[in-house]
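For the protein sequence lines, the chains are A and B, in the order given.
End of the first sequence = 79 in my numbering, gap-free, step of one.
End of the second sequence = 439 in my numbering, gap-free, step of one.
Hints are supplied without guarantee of correctness; some may be wrong.
Stated by the list, open to error - Calculated cross-link-like contacts (lysine-lysine; reagent style BS3-like; alpha-carbon spacing at most 25 Å): (1) LYS36/A x LYS386/B; (2) LYS7/A x LYS42/A; (3) LYS36/A x LYS16/A; (4) LYS7/A x LYS36/A; (5) LYS116/B x LYS25/B; (6) LYS400/B x LYS418/B; (7) LYS19/A x LYS66/B; (8) LYS3/B x LYS66/B; (9) LYS392/B x LYS31/A; (10) LYS241/B x LYS353/B; (11) LYS376/B x LYS9/A; (12) LYS376/B x LYS17/A; (13) LYS376/B x LYS42/A; (14) LYS31/A x LYS16/A; (15) LYS108/B x LYS323/B; (16) LYS21/A x LYS31/A; (17) LYS36/A x LYS392/B; (18) LYS16/A x LYS376/B; (19) LYS36/A x LYS376/B; (20) LYS21/A x LYS376/B; (21) LYS7/A x LYS46/A; (22) LYS361/B x LYS42/A; (23) LYS9/A x LYS21/A; (24) LYS46/A x LYS31/A; (25) LYS361/B x LYS36/A; (26) LYS31/A x LYS376/B; (27) LYS376/B x LYS46/A; (28) LYS19/A x LYS7/A; (29) LYS3/B x LYS25/B; (30) LYS21/A x LYS66/B; (31) LYS353/B x LYS321/B; (32) LYS5/B x LYS33/B.
Read the hints as simulated data drawn from the structure, not as lab findings.
The primary structure of each chain is shown beneath.
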Amino acid sequence: MELAEAKEKIVEALTKKAKSKSKFYFNDLSKILELKPREAKKLVNKLVEDGVLEYWSSGSTTMYGLSGTGKQAGAEHED
Amino acid sequence: MAKHKTPLLDQLESGPWPSFVSDMKQEAAVRAKNEKNIEYQIPQDAVEDLLGVLELSYTDGTTHWKHGGIVGVFGYGGGVIGRYCDQPEMFPGVAHFHTMRVAQPAGKFYKTDFLKNLCDLWDFRGSGLTNMHGSTGDIILLGTTTPQLEEIFYELTHKFNQDLGGSGSNLRTPADCIGEARCEYACYDTQDLCHTLTQEYQDELHRPAFPYKFKFKFDGCPNCCVASIARSDMSFIGTWKDDIRIDQDAVAGYVNGDFPPNGGAHAGRDWGAFDIEKEVVGLCPTECMKYEDGKLEINNKECTRCMHCINVMPRALRPGKEKGCSILCGAKAPILDGAQMGSLLVPFIEVNKEDGYAAIKEVIEAIWDYWMEEGKNRERLGELMKRQGFQKLLEATDIKPVPQHVQEPRTNPYIFWKEEEVEGGWTRDVNEYRKNHLR
Chain A
1 MELAEAKEKI VEALTKKAKS KSKFYFNDLS KILELKPREA KKLVNKLVED GVLEYWSSGS
61 TTMYGLSGTG KQAGAEHED
Chain B
1 MAKHKTPLLD QLESGPWPSF VSDMKQEAAV RAKNEKNIEY QIPQDAVEDL LGVLELSYTD
61 GTTHWKHGGI VGVFGYGGGV IGRYCDQPEM FPGVAHFHTM RVAQPAGKFY KTDFLKNLCD
121 LWDFRGSGLT NMHGSTGDII LLGTTTPQLE EIFYELTHKF NQDLGGSGSN LRTPADCIGE
181 ARCEYACYDT QDLCHTLTQE YQDELHRPAF PYKFKFKFDG CPNCCVASIA RSDMSFIGTW
241 KDDIRIDQDA VAGYVNGDFP PNGGAHAGRD WGAFDIEKEV VGLCPTECMK YEDGKLEINN
301 KECTRCMHCI NVMPRALRPG KEKGCSILCG AKAPILDGAQ MGSLLVPFIE VNKEDGYAAI
361 KEVIEAIWDY WMEEGKNRER LGELMKRQGF QKLLEATDIK PVPQHVQEPR TNPYIFWKEE
421 EVEGGWTRDV NEYRKNHLR
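Kindly produce the complete structure, drawing on both the sequences and the hints.
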């Protein structure tokens with residue numbers, strides 16, 4: 001899968017759910033991409049590098065979200 | 001004069017042990033005086049406010065920290081844990097107070113100038129408070145603000161030749177015992193294996209794509225000084241295949257009292273004369289030893305590598321020569337389902353530096369592929385093993401069941417036949433069967 005296609009799929013799926021949910025597990029993303037985890041990882045990492053996605057970590061678990069979405073960004077004054 | 005009154009914390013200092021409260025007060029006082037004229041990059045009174053918020057938590061019986069965040073350094077999904085105080089106006093010094101995990105060197109070998117420089121960096125750009133070391137083994141730097149993160153990361157990687165450690169759904173910073181550097185029991189070079197795998201799996205360490213945390217730990221021998229068997233998803237414990245080496249003259253030396261047992265440990269009181277029957281032979285968990293006519297014998301086939309006899313008489317007994325490691329999987333702390341010890345997956349595997357530990361990497365990667373595909377969100381490997389059964393792990397790693405996989409006969413019969421493995425499958429001719437077996 002090309003990066004552009006992956007970006008489109010992820011942005012579309014995450015935007016659709018944005019009202020109820022802003023953070024997603026890695027498994028959710030690989031399901032959206034319909035790829036095996038290792039292949040999905042390469043694309044997801046690229047999307048983080050490009051600033052499309054961002055990591056959110058509790059310290060024990062890591063989740064992904066569209067950059068700048070959710071309460072966190074505003075609440076932490078990181079935006 | 002302290003910024004906040006802390007009567008409950010003060011009480012913690014009254015016990016017989018050194019108190020972290022005293023340490024924090026000391027650091028708060030040093031920062032207030034600032035005799036070194038440090039240009040503190042985070043609030044000078046951060047530690048005062050940390051004491052204040054902790055006192056408030058004791059008063060309220062609740063935490064005032066918000067958990068987690070989006071902070072990190074560019075390209076890394078771990079190593080920084082966002083921490084925010086939910087009373088920022090009362091305690092502005094710790095409004096943003098992130099934790100950084102820094103990978104510790106293999107075996108935790110440091111030079112003093114490294115530690116001094118690290119402390120100087122942390123005094124300058126952080127709270128000055130450290131935790132040496134966290135449970136995972138990392139150097140934990142407690143408390144800094146977001147703008148400092150990239151600065152600290154740059155210094156660490158460019159001047160200290162040190163990297164951030166793992167956090168979140170990553171491979172966590174691999175940890176090992178001191179191994180062959182100081183210990184004659186080590187059955188493989190724990191530091192080399194730990195360091196090599198840390199370098200090899202940089203992507204897994206820094207870019208989270210696992211269902212949850214994953215820990216490697218390396219113990220050079222079954223004494224398990226880093227407790228890998230209890231707290232790592234994959235534990236590598238040094239072992240040997242052949243017989244324990246016995247020096248009968250040295251055994252006689254222990255019996256005659258020429259050498260102190262246990263290398264002189266526990267010498268604080270008089271335990272009486274050394275009794276090999278009571279202190280060694282009688283304590284062997286598999287009863288595989290005997291001492292007759294001044295000669296010690298070991299039935300090595302029954303030995304479970306408990307290390308007790310070797311620990312008591314290190315001059316007389318040594319691990320065998322054919323060394324390698326065992327791999328155990330699935331240990332974890334009790335967040336869900338209770339604590340779990342590791343289950344033995346590979347009884348013996350070669351630890352071969354020459355080929356870059358190819359055999360070990362093969363097992364690791366097969367396990368990751370399995371867990372990444374089958375593991376639920378926030379499910380540790382040990383929980384997946386429990387949910388799907390040990391047999392699935394064996395299939396995923398292409399390892400044949402062996403007797404060592406069974407803890408005790410008939411208590412964990414997790415190996416089930418499959419139809420294709422049984423001659424004739426599950427179908428049978430009932431009439432043929434009834435000829436010999438009445439209803």
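| Agreement of LYS19/A and LYS7/A with the hint, judged by alpha carbon distance not exceeding 25 Å | Holds, at roughly 19 Å.
| Are the Cα positions of LYS376/B and LYS17/A separated by 25 Å at most? | holds (20 Å)
| Given hint LYS386/B paired with LYS36/A - CA-CA distance at most 25 Å | Distance ~23 Å between LYS36/A and LYS386/B Cα, so the pair holds.
| query | Straight-line Cα separation of LYS3/B and LYS25/B no greater than 25 Å? | reply | Holds, at about 11 Å.
| query | Does the alpha-carbon distance linking LYS9/A and LYS21/A stay inside the 25 Å limit? | reply | Distance of about 17 Å is within 25 Å: holds.
| query | Do the alpha carbons of LYS376/B and LYS9/A lie within 25 Å of each other, as the hint requires? | reply | Between LYS376/B and LYS9/A the Cα gap is close to 22 Å, so the pair holds against 25 Å.
| Would the pair LYS36/A and LYS392/B pass a check requiring their Cα atoms to be no farther apart than 25 Å? | holds (19 Å)
| Holds or violated: are the alpha carbons of LYS241/B and LYS353/B at most 25 Å from each other? | holds (18 Å)
| message | Given the hinted pair LYS361/B and LYS36/A, is their Cα-Cα distance within 25 Å? | response | holds (20 Å)
| field | 25 Å Cα cutoff - pair LYS376/B, LYS46/A | value | holds (24 Å)
| query | Can the restraint linking LYS21/A and LYS31/A be considered satisfied, given a maximum Cα separation of 25 Å? | reply | holds (16 Å)
| Does LYS16/A lie within 25 Å of LYS31/A when you go C-alpha to C-alpha? | Holds. LYS31/A to LYS16/A sits at ~15 Å (cutoff 25 Å).
The structure agrees with every numbered hint stated previously.
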